[in-house]
Each structure stands twice: as C-alpha cells, then as structure tokens.
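Between the sequences and the hints, there should be enough to build the whole structure, so can you do that?
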Amino acid sequence: MTNIINFLSDEIMVLLIAAMPVVELRGAIPFGVSLGMHPLHAMVLGILGSMLPVPFLLLFLKPVFREMRKHRLFKKFVEWVTHRTMKKAKNIKKYSALGLLIFVAVPLPTTGVWTGSIAAALLDIRFRTAFLAIFAGNSIAALIMMALSHAAFGF
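Numbering (UniProt numbering), first residue to last: 1 to 155.
Hints listed in this document are in silico derivations from the structure and should not be mistaken for laboratory results. There's no promise every hint is true.
What the hints assert, rightly or not - Computed cross-link-like contacts, DSSO-like style, restricted to lysine-lysine with a CA-CA straight-line distance of at most 30 Å:
| hint | residue 1 | residue 2 |
| --- | --- | --- |
| 1 | 93 | 76 |
| 2 | 62 | 93 |
| 3 | 90 | 75 |
| 4 | 75 | 62 |
| 5 | 88 | 75 |
| 6 | 75 | 87 |
| 7 | 94 | 62 |
| 8 | 62 | 76 |
| 9 | 70 | 87 |
Next up, the structure:
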C-alpha cells in the first residue's frame, strides 16, 4: 500500500511542478525522471500538468486583469505582466497561432504555456486556436525535454 501512495504522490508532484509558472514541464520532466520514472511517463505527466492552467488563463485572464486594474494595489502588477508578456510576444503577434506554437515549443524559461497563454489572451487569439497551438508547442517542448532527460539520466 505504501508503494502505491509513494507512486501516486510522485506523479502528483510532477503534475503540480508542471503546472507552476516558469518551471512548467521544463522542470517537471527532469524531476520525474530523477525520481526513477520512465522519461515517457514523466513527459505525459508534464504535458498534462502544464496544460491544466491553460483554459483558465485563456478564458479568465482578461476579465480578471480588467478588475485588477481598477484597484491601485494591483494595477502596476497587471501593467508589468502585460508589458513583459507583450515584449516577448512580437512573433506571436506577427504569426498568430504558428508564432504561439513556436514560442511555447522553445524549452527555455519564460517561453512556456503560462506566457503563451497570457499573450494569446491579450492578443485575442480564439480559444480553440490558442489552446491547440499551445498544446502542440508544449508537446514539442516535452519531447525535447524528454530526450534531454533521457540522455542525462541514461534510461
């Protein structure tokens, strides 16, 4: 019974790490592999975990930001996030879904699903288009991270 609990808790940890901003699957996959998971298993968990916040960001970010801008305390934060994201989103703005896919596919910090989702919401990219582009880009990034983890940990 303890083995099942430990196994499930490792999986949940990988899912939660993948759902975190900045870290996302770029940290979750190597973490899962370092726990002894097969790279493919860690990759699937990383994709699932990192995609968890995407629908919420795409659907609710703009209304939440609109409300936050009304309060002096949050206005600067919203402006900072918006400015930082839009500065990174030049190619997303130029190439729309393809730019979004490529942006998310590059496995570097601040180019993942969180920033991609925020950019897609701010640029008014349709939900379905944005979700599919982010999923495809995230899957490419996951394959890259799985290959790197596989090489590093020697599975």
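Verification of the supplied hints:
no.: 1; hint: 93 with 76; verdict: 23 Å, holds
no.: 2; hint: 62 with 93; verdict: 17 Å, holds
no.: 3; hint: 90 with 75; verdict: 23 Å, holds
no.: 4; hint: 75 with 62; verdict: 13 Å, holds
no.: 5; hint: 88 with 75; verdict: 20 Å, holds
no.: 6; hint: 75 with 87; verdict: 18 Å, holds
no.: 7; hint: 94 with 62; verdict: 20 Å, holds
no.: 8; hint: 62 with 76; verdict: 15 Å, holds
no.: 9; hint: 70 with 87; verdict: 23 Å, holds
The structure shown violates none of the earlier numbered hints.
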